[in-house]
Every structure is written in C-alpha cells, then in structure tokens.
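Please build the complex by placing chain E on the supplied structure of chain U, with the hints as guidance.
There are 2 protein chains.
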Amino acid sequence: MKRRYAILAPGHFVADAKTAHGVIAYSSDETVAVIDPQTAGKRVVDVVPHLHSEAPIVATVAEALRYDPTSLLIGLAPKGGALPPDWRAAILAAIDAKLEIVNGLHDMLGEDPEFAAAARRAGTTIWDVRKPPDVPLFRGAVYDVATPTLLLVGNDCAVGKMTVALELCRAAERAGSRAAFVPTGQTGIMIAGWGISIDRVIADFAPGATESLVLYAAQSKPDLIVVEGQGSINHPAYAPVTLALMFGSAPDALVLVCDPLRDHIDGYSTPILGYRELIRLHEALLATIKPARTIGIALNTRGLSDAEARAQIERAQTETQLPADDVVRNGPDKLYASISPQLRRERPCAV
Amino acid sequence: MKRRYAILAPGHFVADAKTAHGVIAYSSDETVAVIDPQTAGKRVVDVVPHLHSEAPIVATVAEALRYDPTSLLIGLAPKGGALPPDWRAAILAAIDAKLEIVNGLHDMLGEDPEFAAAARRAGTTIWDVRKPPDVPLFRGAVYDVATPTLLLVGNDCAVGKMTVALELCRAAERAGSRAAFVPTGQTGIMIAGWGISIDRVIADFAPGATESLVLYAAQSKPDLIVVEGQGSINHPAYAPVTLALMFGSAPDALVLVCDPLRDHIDGYSTPILGYRELIRLHEALLATIKPARTIGIALNTRGLSDAEARAQIERAQTETQLPADDVVRNGPDKLYASISPQLRRERPCAV
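Chains U and E, in that order, give the protein sequences.
Okay, so the first sequence: first residue is 1 according to my numbering, each after it adds one.
Okay, so the second sequence: first residue is 1 according to my numbering, each after it adds one.
Same shape as in the complex, but just chain U (with noise of 0.2 Å):
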C-alpha cells in the first residue's frame, strides 16, 4: 500500500528539511501536504521550485487531515537527532488522528512511553527508520559479489550524495540496466522502504551492517548497485561512518559529491579538502581492503548561475582529469555515459 504522506518541518521546510525534500523528490509515496506555519498557504513550489510539488502548505496537523494522509512524516534531520521539544503536540495530534508516525530522528519515538501508549489507543504505529537490526560483524563475503558496486563520497554533510545515487539510478535503468540503489540513511530508507541507517549502529558493526545491505541488494542480480554515501571523510563528527561504508561496501569505484563553493566542513572549523587531495586519501584507504577508482565528479552547483556552474564543472575536470557534471541541473544521463565504461572496467561484468 501506497503511503499519503504529510510532512512535519515547522520553521524549516524551505531552509534545511533534507528529509522532506528527498522523499518529495524520489519517494514513490505521495506527499499530500506539508506542514509549516512560516509559509502556510502557499504550495511546495512556491517555495522550493526544484520540488515540483503541488503539494499545499498548512500550518496545523488539524489542516493536514483535509488532505487525507495515512501518515506524517518527521521531515527534519537536525545534528545528533533529536525531536525538537515543540514538537510532540503535533505528533500526538497526528496520532490521535490514526496517523502512521514514520521518523528518521535517532531519538525513537516508539520508546518514548507518551508516544508508544497513543498509539497503542489510537491502534496505529511508529515506524523508527533509524532503529538498527541485529547485524554481524563484517566478515568479507561482500568481496565476492560479482556486481560492479559504486559508493558516493563527498567533500562534506548534505552536498547531494543520496540525490546523486538516485539519479544515477535512473540513468542506468534508461540506459537499459537494471540499477539497485542502497540506502544507508534514513531519508534513503523512506524513500525505498529498506536500509540501515549506518550512523545508528554500534561502531563495531557498522561495516558488517553495510555488508548485509550490499549482499542483500546483490542477491536480485541487478546489473549495477549504487550505495549511497554519508558524512565525509574529513567531517570531525561524522567519518567513522563514512568510512565504515567505504570498507563494508567494498566498491570497485567511487563517485565524488562536491559542493564546490563550500571552504569549510558545515557547523566545525575544519576545512574542506580539496578534489585531488579527497581522491588520493579516498583511494589510499581502500588501497589495501580492495583498490577502488574514482571515476567522476558530481557537483552540487545550486545557486550559480549557468556560467557559474559550468565553469565550476569545467573547473573540476580539469583538476582531476575526470567526467564531471551537475546531475540535478544537467539530468544525469551525461554524467552516467561517461562513467559507465570504467565502472565496466573496474570490474568487468555487464553494466
């Protein structure tokens, strides 16, 4: 059954609901409304064009119901994931009304007593995106998997990685491949309705939760699987897990997400690294688990103008030698022609 999604982002649907935006953009569930009393009244196009969304914007779960949703959706992933406080009366509201709750926070809701006993009255359910399995410990079976595997990196958080590996999907599929997209986080999750969100394992196991994910996905013998990516390799917070998807997903080649006006990691002091210092670290780690290439760039040039970005696009290939390319503003299918061959060459299987 298909979703009917209202989505929860109070005060933050236009600036930062990366959530929100990735399931209304690549979700075969249908967002029917969204909720946020700063730009109440208009549609999501109004507000976020690149959307495509005709989808009203109320300010209360009240209104929201006028639209018939089966579920509401917390649309927001805030740093270290917790349920802002102002919150819960909407999604108690939205309980009362026999909403399905689906959240992607790493507070789960289903735990919190409040929560789980609304919903046992109302006789609805709190889907916890982010709550692991069970997984193993990494083990080294996904060495064996004979479809080439792809991983998205980036040179920081919310560049585009998930956005890129959808798109690079669908090229694929429209190039006549059969293409497995694998999510590992928890917007990736709504969006496919499978996954783990790797940055909610225990750290020991987060490289043997990526080995599951990729096995799973190769078992349907799809011609290419695309993992997406998290964090970065430099993010102060956040690469542990990068890494843990670098080494559990053993691909044969990496794609590299950049925001390329960024200078530094969003929210730290750290620096961004460069393009040609973010291949030789990447390829230096995977040196010796199981040597991957980098084989384009993907840039995020959102706000430029068109001869901004194309000599940013133009900037990047000349510094690494590598197809690069815009897929949101461009489509990807350029990008994924010129990739193709060497993911073919990687790993020598059909693509």
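Be aware that one or more of the hints could be misleading.
Stated by the list, open to error - Quick list of in silico lysine-lysine cross-link-like pairs, DSBU-like style, CA-CA up to 30 Å:
#1 2(E) / 221(E)
#2 131(U) / 131(E)
#3 131(E) / 79(U)
#4 131(U) / 79(U)
#5 290(U) / 221(U)
#6 290(E) / 334(E)
#7 131(U) / 221(U)
#8 290(U) / 290(E)
#9 42(E) / 2(E)
#10 131(U) / 79(E)
#11 98(E) / 131(E)
#12 42(U) / 98(U)
#13 131(E) / 2(E)
#14 79(E) / 131(E)
#15 290(E) / 79(U)
#16 42(U) / 79(U)
#17 2(U) / 98(U)
#18 79(E) / 290(U)
The hints are simulated quantities; they were obtained by calculation from the structure and are not laboratory data.
Relative to chain U, chain E alone:
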C-alpha cells in the same frame, strides 16, 4: 573497595585471553584465581610467564571460591563479543555464590533475563563494562585542551596498544610527570575503573564519546594525556573506531604500535601496511582536523630472540627515522625519554 577477581577463561587462558592478561598485568585489583580446565593445577606464571602472577588456575567456579573472590571477570573478548553458550552455567554458579559479574562482552549480561533474575535473587550485581552512557555529538571542545595528548595507533588489533599506553604512563610518572591514561576499551576500563568502550557507541556519536573522555581526563590538569588506541586504520571491521579515536581525541602526537612480523590483519585477507605508509595515512587523515606527528614506534617483539628483536627495532628506526623500542622487553623509560621532548614541542606545555 578493591576487587578480588576469579577470571573465567576456559580453554582460552593461554592463547587469546587478552582481557584476562591485561587485568592481571595492570589492574590495581587482585586476581586470586583463573578458571581454565585446560591448564588447571598450574599457576599463571607457569603458563604465561610474563604476567609474573602466582595465582592458581582451577577447573571450576566452585574451586575458585576457595580463594575468596569478590568478582567473576569474563576474561575473553572474542570477535563480535558474543557470550560462548557453554559459559552460562559457570556464570550462573558464580552469581549463586554472590560474586559480582564483571563483563566486557558486547552481550549485555545484565539484560539477559536469566542472569538478571539470578543476580536479583542472589543480591549481587552485573557490571557490563562495555555499556555506553549517553554521549554527545562531537563539538570540538577538545581542540581547547591545553595538555599534550598522545594517541596510540597500530598496525592491527591486539598488538599491545593498551600495554604501551599504560607503560608510557608509568614511565612519565617515574620521570616526574602526572600522566592520565584514557581507557577506550573494555580491558582498559576494567583496569582504570572508568572510560567508554568506543566500539560499543552508536557510530555517529563515537567521536563525541572520545572527546568527552579526553575532556574528563583534562579536568585534573595532568601533564600528559595518553589515549588508548583501538583497531587499525586499515582494519576491515574496526577502522571506523580507530578513526573515531583519531578525530575525537584530537591528539598532538601519535605513537605507532606494531607487531613487526604480521603480514595480514588478523582474521582477514587484508595486508598489513608498512611503517611509512601507516604514518603517512594517519597524518594525512589528521591534517585538516588537527595536525599531529608520529613521534615513535613501539614494537611488540614477543617470541623473538634478543638479536631478532634488536634487528626489528633497528629496522623500524632506519625506515622511519623515529625512536623505536619494545617497552615490555626493554622497559618504557628509554622510549619515553626519546619521545617526550618531541611531545613537548608539539604542544608547548609542561611535560
């Protein structure tokens, strides 16, 4: 109150009871007996001479009770950290005899219904050493710690990183400096009585947990902070924990601990990196976080002849142009004396 430990390590005491050996060698708590049917009748010193302990080895918990223990310590930390099922009976016997249970496995014995009920009945307690407290996200406060901070890194698991940390602390104290040992794994926690098992922390929070440990150690204004290392930067399963310690502790300097004879990561086909590659990789990763230099090599030459050990130490010195020694074979004072001026230069405080 000091504990009197009976250590449970059936069939494993000699070969791979790393936790047992660490506690016997370094804890201020006393080990009064070891339970291991395979070597029962001997003393610890007969089967593991370098531990210099006269404690008797017995076959059962019942026999161990004659030596008046206060606590049963689970002396093993197998990969994945699960409880061997045939140890349950021994643990239940110890609980029935009102012993405290001290457990460093990933499996939380206090959450096991049978053990928990037995402990309640017997009026005793279960200390799950690896159980993490609530920890914050990494925030960068550790960058302001004024005390020089040394992190141990290594070429594999179980090469002696904790031992080197503890020996360097002893040498520092003998040289008139106050050194704070920061425990990051189950054995270190058992020895020091505090700490967090970073491998057990949710991946997103592992650097923050490490930061909180260093901030705690800095409160007593020691002259030197020595952070216990874990895993290895190219360990397929444990490297994310290694990276969390590197980024979360923000060290001023590294000491590289190596078994010079290993050629593969234990349990995997991954080749061991050479000294210079290890140094390059660690320093490249830390470059944008907080630059740190490698200032010494600690070799684990157990099992080698004196001449072989000397040759390995010379090779490490020649290859790296850094001071190198085996701090167990030759004592830690010489290596400490060689590295402490450099450590003082990396962060100019009193050492």
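inquiry  = If you test the structure against every hint from before, which numbers come out violated?
reply    = Hints that this structure does not satisfy do not exist here, as all of them hold.
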